[in-house]
Amino acid sequence: MDLARFCSSARVFIVAGKGGVGKTTVTATLAATAAGAGLSVLIVEVEGKSGLAACFGRPPLGYEETELAPRVRGRTLTPDEALVDYLEAHGMRRISKRLVRSGALEVVSSAVPGMKDILVLGKMKSLEQNRAADLILIDAPAAGHAITFLMSPRGLGDAVRVGPVSKQSTEVIEMLSDPARCQVILVTVPEETPVNEVVDTAFQLEDRIGVQLGPAVVNACYPDPGVPASVDEVQQLADELGVFVSPREAGDLVAAAEFRRERFALQQQQADRLAARLPLPQIRLPFLFTAELGPPEIAVLAATFAAQVDALPESSWGRVTVP
Amino acid sequence: MSEGVTFDDIVGDRHIVVCCGTGGVGKTTVAAVFAAEGARRGRNAVVVTIDPAKRLANTLGLAALSNTPHEIDRQRWDPAGTAPRAGRLSALMLDTKSTFDHLVATYAADDDQTQRILSNRFYRNVSTALSGTQEYMAMEKLYELHEQGGYDLIVVDTPPTRHALDFLDAPRRLTRLLDNRIFRLLMMPTRAYLRVASAAVQRFLRTVSRVVGTEVVDDVVAFFRAFEGMEEGFRNRATSVLALLAEPSSSFVVVSSPRRDAVEEAAYFAERLAESDIPVEGLIVNRVHPAFGDEGVEGLRARADTLAAKRSDAARATGDGAASARRLAELYTNLADFRQVAERERYHMAGVKARAGRAAVAYVPFLSRDVYDFDALAEVGRYLFTVSPIAPARSG
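These protein sequence lines are chains A and B, in that order. Sequential numbering of the first sequence, starting at 20, is according to the working numbering. Sequential numbering of the second sequence, starting at 37, is according to the working numbering.
Since no wrong hints were added, every one of them can be taken at face value.
Keeping only pairs whose Cα atoms sit at most 20 Å apart, straight-line, the calculated SDA-like set for lysine to any residue is: (1) B:LYS133 x B:ALA100; (2) A:LYS186 x A:VAL103; (3) B:LYS346 x A:GLU259; (4) B:LYS346 x A:ALA269.
What the simulated footprint calls covered on chain B by chain A, stretch by stretch (three residues with Cβ under 8 Å from a Cβ of chain A suffice, anywhere in the stretch; the number is not a length): (5) 55 to 64; (6) 327 to 336.
Bear in mind the hints are in silico, worked out from the structure with no lab data behind them. Here a beta-carbon is modelled for each residue, glycine too, at the ideal position from N, C-alpha and C.
Construct the entire structure; sequences and hints are all you get.
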């Protein structure tokens, strides 16, 4: 599939997944991929405190947009900030700050769960409608919460039947159920529990929210380890090449190689199980051994991502075979 | 207690063990490990789980939310009969709403008040969706099990929180809501409140009504009226729960992964608890990679580079040895990669140990399969406990 077409298949990609699976890394990778394809990207962080800006070698994001890389901008979006924006846009500028300071948002959101979520989603929707960028990427809350988050406009219909919040909910539902406007990219790692959870999340998102799912991203896959190694083989190689390898070092070399083989096999099983249970194309990103993720690592991931999108069938989401 | 604590002390002597940490680090598993080991040491143990993975839930006999403990047959957790002393093991899966309903019924003056609250829409929202309610109810369930008596060891899993401290704050959250100035005004009968409420509050209420509709405001007013007279009970209960957690027989165990962010969070959590005079007694770093020797990463990478150079030399000459050089270079690169992971993890772990004070610290390696049955729980236990060596039962 053409990369630019993939990146513009929806105006908003919501990146969702269980905590610790690398949602932020994938968001940064998607941003770099789309920017590489010539699109302007706006990353919106809705939960604060992530390493997103660090992936671009920049200080943490704030409410004001900042440039993270050429064609990539980033910002945060918290309920308090969204409420102030909302009130200001509705002619209540004078009391907006006071409402937030007095803890009134706490009061209102206790009365109406999903209130905070709808404020954030509403703001997302207005960014989308104003075409803030070619592609808006949302670094969503962790999995279980992502469902609550995206369910909030429907849930609110029960509690709030009139007024601007109700209107807001309707408009957000419209955005979420239009595949050309919004898609969810699910992220997981090839391990048993995360795979089970992402399958659950996927079906819930489809059934209960009706949002279009993009390809599933399987993160932190070990590279193919090749054939098994043995101490004898290592010694033989060393002799042949005329280099010295101590028995202990040979043991370490083999142990590390075997560990990788074992993990690789387990990961393959889990990724295949995911493919069998969830009929979505998969994008598999490699596990990176480097300490911290920065621009060079994100560039590597973006290149892998782009190559795999390239291999996707053009018209519809089919099953992808990954080498 | 100047000497360091061990996990044997915790599982053998403590009455309450709270497992906390960020999501995805294996808290629920660790909670189950503690309860099972407690039972093996002759204690009457119960584990309160929150949203366990399906297979672990099956192991614990938890098919659905069950608000009362369910005892697990000894045959299941000690099939070989190797436990030094046979205690009892029970489990439950927290049902937040039922727990809250039960609490309301306890403090309501009569059935009528209970019904008025349970049927209120605002209450339904608070009892299921107010952030912190799940944490609060976990603590409440713990207190209830403690009050009922009978259990020597109560192990509590905590909901995954973005900020590990959230759950400690949870019992106070509801009372803070009840104490809110605006709500206090709302609680007054309508006319009276209109008379005394300041213009600012009236303006606020009008704004809220404009944004969310008057129905919501009506629900809230109805809820607080229905709740009248119960705040004191709730406040006292929250105080008792916190007091119970501060007792020396209560123990906090922080579970972490060797990733930088998880370790940072764990250390921060331990420090904040210590400030509240609640020391963390155990720190468990889960899913640690093996070390694979002790050679430096740089040296190994240099070795791989040299071999790669040999490979191109060989390729230029006769072609002999090129494949061998490449193969060996790959093995060195792979070892260097894992040594790098290991060094980084050990660096993070050393940092957390330095900040752990007298807490017990344990590292649990990556196990070759998911931990969900009693054999695997016992295997994790081997990295925590010393006194009672556990022979995993092999079936067949």
